[in-house]
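Each chain is listed here by its residues.
2 protein chains.
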Amino acid sequence: MRADTLEDIADMVLDHQELYAPLGDVLRKKVRESLLKHHHHQNQKKLANRLPIVRSIADMSRRTSEFHLDKNAVFSPMHAPYYARLDDVSCAGTVLCVLPQIDLHFMKKIPAGAEACNVLVGELEFLNKPVVAFIRLSPAVLLTGLAEVPIATRFLFILLGPLGRGPQYHEIGRSIATLMTDEVFHDVAYKAKDRNDIIAGIDEFLDQVTVLPPGEWDPSIRIEPPKNVPSQEKRKKSNILPNGLVEGDEEEEDSGHGGPELQRTGRWFGGLLLDIKRKAPHYLSDYTDACSLQCVASFLFLYCACMSPVITFGGLLGEATEGRISAIDTGPVLVFEKILFKFCKEYGLSYLSLRTCIGLWTAFLCIVLVATDASSLVCYITRFTEEAFASLICIIFIYEALEKLIHLGDYYPFNKNNNLDKLTTYSCSCVEPSDPINSTLKYWEMNNVTASEIYWEALEVKDCIEKRGEFVGSACGPHGPYVPDVLFWCVILFFSTVIMSAFLKEFKFSNYFPTKVRSIISDFAVFFTILSMVLIDYALGVPSPKLKVPSVFKPTRDDRGWFINPLGPNPWWTAVISLVPALLCTILIFMDQQITAVIINRKEHKLKKACGYHLDLFMVGVMLGVCSLMGLPWFVAATVLSITHVNSLKLESECSAPGEQPKFLGIREQRFTGLMIFTLMGCSVFMTSVLKFIPMPVLYGVFLYMGASSLKGIQFFDRVRLFGMPAKHQPDFIYLRHVPLRKVHLFTIIQLSCLILLWVIKTSKAAIVFPMMVLALVFIRKLMDCIFTKREMSWLDDLMPESKKKKLEDAEEEEEQSIAAEDDGVEQVPLEGYNRKKKKPWL
Amino acid sequence: MRADTLEDIADMVLDHQELYAPLGDVLRKKVRESLLKHHHHQNQKKLANRLPIVRSIADMSRRTSEFHLDKNAVFSPMHAPYYARLDDVSCAGTVLCVLPQIDLHFMKKIPAGAEACNVLVGELEFLNKPVVAFIRLSPAVLLTGLAEVPIATRFLFILLGPLGRGPQYHEIGRSIATLMTDEVFHDVAYKAKDRNDIIAGIDEFLDQVTVLPPGEWDPSIRIEPPKNVPSQEKRKKSNILPNGLVEGDEEEEDSGHGGPELQRTGRWFGGLLLDIKRKAPHYLSDYTDACSLQCVASFLFLYCACMSPVITFGGLLGEATEGRISAIDTGPVLVFEKILFKFCKEYGLSYLSLRTCIGLWTAFLCIVLVATDASSLVCYITRFTEEAFASLICIIFIYEALEKLIHLGDYYPFNKNNNLDKLTTYSCSCVEPSDPINSTLKYWEMNNVTASEIYWEALEVKDCIEKRGEFVGSACGPHGPYVPDVLFWCVILFFSTVIMSAFLKEFKFSNYFPTKVRSIISDFAVFFTILSMVLIDYALGVPSPKLKVPSVFKPTRDDRGWFINPLGPNPWWTAVISLVPALLCTILIFMDQQITAVIINRKEHKLKKACGYHLDLFMVGVMLGVCSLMGLPWFVAATVLSITHVNSLKLESECSAPGEQPKFLGIREQRFTGLMIFTLMGCSVFMTSVLKFIPMPVLYGVFLYMGASSLKGIQFFDRVRLFGMPAKHQPDFIYLRHVPLRKVHLFTIIQLSCLILLWVIKTSKAAIVFPMMVLALVFIRKLMDCIFTKREMSWLDDLMPESKKKKLEDAEEEEEQSIAAEDDGVEQVPLEGYNRKKKKPWL
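If you read the sequences in order, they're chains F and V. Numbering follows my numbering, with no gaps: position 309 of the first sequence is 309. Numbering follows my numbering, with no gaps: position 788 of the second sequence is 788.
Keep in mind the hints are simulated off the structure, nothing from the lab. Note that the Cβ used here is the ideal one computed from N, Cα and C, for glycine as well. Everything hinted at is true.
Stretches of chain V that chain F covers, calculated by requiring three or more beta carbons in the stretch to come under 8 Å of a beta carbon on chain F:
#1 202-215
#2 424-435
#3 483-492
#4 510-520
#5 535-542
Only some residues are given here: those of chain F computed to face chain V with a beta carbon under 8 Å:
#6 P213
#7 G215
#8 D218
#9 I221
#10 P230
#11 Q232
#12 L423
#13 S429
#14 L459
#15 N511
#16 F513
#17 L540
#18 G724
#19 D732
I would like the entire structure built from these sequences, with the hints used as guidance.
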């Protein structure tokens with residue numbers, strides 16, 4: 001219909017009506033009058049009785065640029081079953097027509113190029129049969145006073161009927177509005193040539209609806225809208241089953257990582273060059289994209305998190321003494337360095353020089369790996385390997401955080417058997433050892449201590465220990481006086497930090513406060529927690545152990561220069577023989593780096609800027625060489641910190657319509673936070689006066705929190721938890737629908753065994769083979785192809801590259817002989833809607 | 001159809017088919033053969049290709065005794081959208097036909113008198129048009145080899161069609177099965193006279209389904225079955241709207257408490273006699289119903305909870321000295337007793353005697369109240385009053401638990417400024433006061449202490465305080481030595497108890513372990529928590545304050561006998577004048593008792609044994625008299641303990657089918673747990689050796705937990721939380737759908753103000769008017785009828801008896817003039833489906 005005003009439309013509708021069921025002149029006039037009366041919105045109060053209940057709703061979106069429908073069905077107040085808490089906004093809706101600013105608020109939600117569909121229904125006492133019309137206007141016309149927002153109307157649905165069935169008309173109107181929000185149907189409505197096309201469209205829609213039978217459902221329940229609506233593309237195919245599943249639809253998401261980044265180029269450094277080419281265009285945006293409060297929150301959090309291991313113990317690393325890296329620096333590289341140090345001590349070799357040799361070899365090997373595009377082997381690292389490794393690192397994090405806490409008990413012993421009544425007699429003083437042992441005598445002699453000249457009783461704890469005095473008294477522990485309150489206070493600080501961090505982080509998903517406030521609280525969760533714990537600790541005054549920050553830059557040891565000689569005091573052949581440990585070290589660093597990279601580059605993270613496996617490894621190699629030469633700690637991947645960093649930069653869509661789900665948009669990819677974290681780290685030296693107030697147990701708590709929260713995304717842990725769950729309570733994991741439970745359990749058990757084996761090796765004397773074992777994970781995964789079918793593997797894990805190829809072949813074969821296909825022994829029932837697959841004789 | 005075997009049925013179906021669309025003899029024979037082939041279940045693997053996929057499902061229940069359909073639709077494996085995690089059991093389903101014991105497991109779920117409906121579908125290559133039949137057998141026949149369970153088949157649905165559309169047939173079969181589980185439809189199926197009745201039934205069903213449009217819904221989401229399915233009765237009425245709501249349906253639940261128990265009888269003690277009559281038949285079952293592990297858990301928990309106030313401080317009450325009931329005995333009666341004690345001290349009166357006088361008067365007044373059926377006034381206690389009072393009590397509980405914990409800081413001070421390095425010089429010893437003040441000198445004189453003769457340094461803490469020595473040293477706090485570790489350990493114990501209790505209690509709703517294990521853990525939550533805390537505390541050995549239990553029964557004071565003389569040393573007129581405080585006391589005890597009773601007797605609790613407002617008050621009156629005469633603590637209602645007791649005895653239906661929701665069946669009503677709690681309490685004297693290990697902070701933790709968990713069911717707190725929530729995040733409370741948000745907030749603010757006022761009065765000097773204020777709540781509620789409409793009140797609160805009557809009148813009026821009715825200003829849109837109501841001019 002081509003019309004400019006509602007009058008024209010009314011006339012044309014009534015003309016058309018004449019053709020089918022004439023109304024007569026009197027009636028026609030009355031109906032026309034009613035149609036032109038000012039309607040009121042469905043969420044407005046009725047102003048006067050007996051006026052036709054005419055309502056306008058269901059704006060519909062359509063791009064103007066291309067003649068193709070927009071995917072975002074617009075929020076429609078009519079759409080009750082979906083937009084769950086509709087009534088809450090209906091008051092606001094009422095005001096829409098009066099206050100233009102709220103109008104704009106609604107307008108904001110409507111995509112550009114949207115067109116309206118107005119649904120007008122009403123009862124008329126003089127009608128004895130209904131007048132129904134579905135009108136498409138061409139071109140779309142801005143009809144004033146109809147929609148709440150000033151957008152052009154493309155469709156009109158009019159229903160006027162005899163008095164008394166108002167609610168039914170209302171429901172019909174609602175149904176039409178719902179229909180018009182359907183992507184496929186409004187496509188049909190735009191293209192329909194006649195009445196039959198529209199009816200066919202309605203039929204298609206009805207075929208696809210999900211039906212909840214009345215006897216088993218409470219219609220007053222408001223169903224939350226789904227997180228994601230599946231693509232409607234498959235509805236446009238012909239072979240849809242009435243239950244909404246497409247016949248032969250594999251429903252499979254390809255979670256592998258076989259992007260172009262990992263294709264072998266066949267040229268030297270080919271991958272590296274491509275990586276640089278891919279990365280270069282994003283370089284500027286890597287800084288401009290960082291303009292967000294979230295980035296500030298992120299680097300503050302990670303600064304706090306890194307501070308403890310880097311500042312406190314990093315300074316000690318250069319000394320290469322016992323105290324070195326024993327802290328929460330948990331990378332598997334640490335295991336390697338520990339072994340090396342022990343080895344050097346045993347055989348009287350210079351640790352720093354040997355380390356430099358190995359480091360240089362490793363750097364060389366890494367660059368060889370880059371040159372040969374070895375990173376393309378990353379495609380063999382499937383979810384199985386990835387998760388086993390990541391779980392190990394997370395567990396080490398948790399374990400070490402707890403160990404550190406328990407360890408505090410050694411420094412701050414408490415008296416288990418205090419008798420509160422005898423507190424007046426409690427004391428612990430320093431006395432001269434009554435019967436000094438030989439080593440003590442020797443020590444005194446060496447340091448010119450004359451025991452009898454010292455006034456022992458006046459010595460403080462540190463002096464007493466230094467002078468090898470003895471502690472005597474009822475308040476004395478095994479190595480000195482009992483320390484009151486400190487240990488318990490540390491325990492309180494530790495767990496408060498964990499609980500508060502977790503609570504504040506989760507606050508984003510609570511129902512209180514506006515989204516903005518919640519997301520700020522959530523982003524700054526760890527920072528706020530540390531801040532409040534520091535304040536509480538300061539207010540209480542209990543002398544809990546604090547972070548110790550060096551206040552000046554100084555060389556770690558006087559007997560070493562800026563550079564380390566790779567040979568130094570060691571014999572010449574150490575430079576050659578160190579190739580062997582360097583090989584192990586390379587495997588370890590390669591695995592560590594690539595697994596971390598794979599986890600970060602996961603499809604779920606929706607990274608937009610290209611990944612750079614080759615470039616990253618190249619940088620690791622170069623930095624390894626530099627660090628080794630300068631005797632600095634090695635530059636390697638930190639799995640948990642990386643995961644935490646990514647998690648702290650998650651970007652979600654804003655939403656304000658009731659029931660609208662925030663969508664995960666991706667990660668705020670930029671280089672700024674990384675830069676800031678380590679710039680701040682360097683500046684810590686100047687912030688000693690502030691940092692010295694941070695209690696160590698708070699930092700341990702942050703570590704536990706980081707380890708535990710990194711575990712959350714790991715599917716392996718979901719599967720471990722399945723062991724404790726009766727089948728009926730298991731969550732609706734997609735793989736549980738497709739793989740028999742015992743197979744899922746078997747898979748989990750294998751993974752768990754690998755994890756335990758890794759842990760045992762890491763802590764045992766054979767720790768040196770640890771890198772080999774990480775590599776072995778890949779081969780174990782390969783072997784598992786014999787136990788599990790490819791279909792099962794594709795649900796539980798990613799497919800290995802070869803099997804992927806095979807799968808494609810299979811699919812081709814199938815198409816040819818799909819009818820003659822045999823049944824697969826472990827196949828699901830056809831109800832699930834996938835096609836049967838030929839069983840390979842060797843499986 | 002009357003048939004005995006599948007052969008008969010096949011013949012009759014095919015005979016019937018001849019009438020409509022003859023198949024021909026060859027085809028007929030082939031079809032008959034196929035029908036008699038062994039079918040396989042939908043969840044069995046296909047054993048050979050190309051066999052007709054014949055499936056049997058959807059057992060349907062029907063009582064044999066009466067020709068009336070059973071309400072419990074039986075779990076049907078076909079019923080995929082509802083029984084959410086269907087695939088998980090489908091493996092078990094496969095085995096059903098093989099293993100009779102699993103068969104029995106399924107059989108258990110089927111109500112007695114159930115009959116089966118078998119759905120048989122299949123593709124046949126030689127058919128060119130489908131053969132469809134819906135058969136009702138009369139009588140029902142046990143057809144072997146069809147259903148998984150040996151029950152008689154009443155209905156058969158057969159669909160055989162040409163090859164190639166198998167999945168569609170499958171879906172049709174599934175739909176028929178779903179249809180047959182519908183209460184209304186299988187009613188139709190039983191009574192249908194011909195094909196048209198069946199079709200009309202299907203139409204009715206389709207009209208009532210809830211439809212999820214495909215473009216806005218992900219069909220792979222499995223919707224959890226609803227907690228409760230609404231009654232299908234209204235579907236049998238004619239005036240249903242297509243959206244499932246009945247026109248003019250008020251959807252109102254009458255949550256008032258106007259049962260026959262509260263009708264005024266008009267005779268002296270009439271209510272009491274009726275109460276006894278109602279209670280008597282349940283008396284035996286009150287003990288037999290207690291055979292359950294839950295009861296053990298319940299009384300162990302409540303014993304632990306009551307122990308602290310009753311044992312520790314109950315013993316002190318009789319002494320009538322300062323230390324009396326200051327503990328966590330939080331009833332409002334305590335407020336009254338405190339004031340009374342203070343008054344007596346000030347005017348030199350005998351507290352015990354005056355208390356006896358007041359107690360006897362109060363007892364008398366209570367019995368007068370019982371005699372006049374005053375409890376029938378309880379109907380004026382609406383949810384508003386109830387919740388304000390209950391909230392107050394809960395907050396007092398929480399407040400006192402925390403106060404007690406903080407109070408521990410006074411007994412166990414810690415040194416805020418320990419210098420860990422100077423611990424060797426720390427001590428705190430007792431010395432002779434250098435400059436004793438006068439009172440000390442006097443005290444020494446009185447107790448024959450010669451300061452110079454005492455070896456002060458050797459005195460222990462208690463002796464030193466007793467002898468008025470001074471504490472000197474760096475480890476000394478304000479009133480004695482600093483106590484190391486104890487306070488922090490208490491804090492850890494306290495919060496661990498709270499967190500662990502809450503966690504274990506919630507464990508029932510977690511997904512781990514079988515239901516049985518979970519419910520045991522949940523029932524024994526508090527007991528397990530106390531047990532583990534005691535063990536940890538014992539293992540650690542920190543001298544935390546422990547529960548002190550008297551080890552012998554002994555009179556609290558030597559100067560009093562078993563009975564107290566109401567006059568004693570007080571002047572005679574005190575007996576008369578004490579009527580005034582007794583009046584206040586009566587109001588208080590009446591309100592306390594009745595509000596608690598109303599909370600316990602709430603409809604939500606589904607109590608089956610009649611309530612006894614009159615009887616309870618009578619017992620309170622009698623016991624008040626006895627306790628007063630014997631100088632025992634008064635016997636009054638304990639709101640929080642009562643709520644906790646009820647909550648610990650909640651009974652839920654067992655369920656094992658996936659997705660089946662446990663139903664709240666009611667409370668395990670019995671007298672056994674109450675009896676046991678107080679029997680155990682009495683026996684505590686003999687259990688001193690065990691009880692003395694229980695740390696007090698653990699008991700305080702239990703109190704906090706009880707207070708906080710009692711808050712959970714209170715609607716008032718849900719409404720308070722609404723203040724912090726943006727509209728889109730508000731939960732789907734029924735009243736939010738019907739009452740404008742600002743009215744809800746206004747209601748909450750009024751209630752909150754009342755609560756704050758009560759709290760202020762309770763803690764201020766005017767505490768004596770506290771009982772009047774509780775009574776005032778009822779009048780405030782009455783006044784609110786002027787601000788809120790009756791409709792709003794009926795959603796937010798219960799209606800007062802008068803307004804209920806008015807409402808009935810209104811409803812009658814409405815019926816008469818329903819068409820001419822004006823619109824109500826605050827009326828909801830008609831979409832919600834209720835009829836308009838006449839606006840009263842004075843509203």
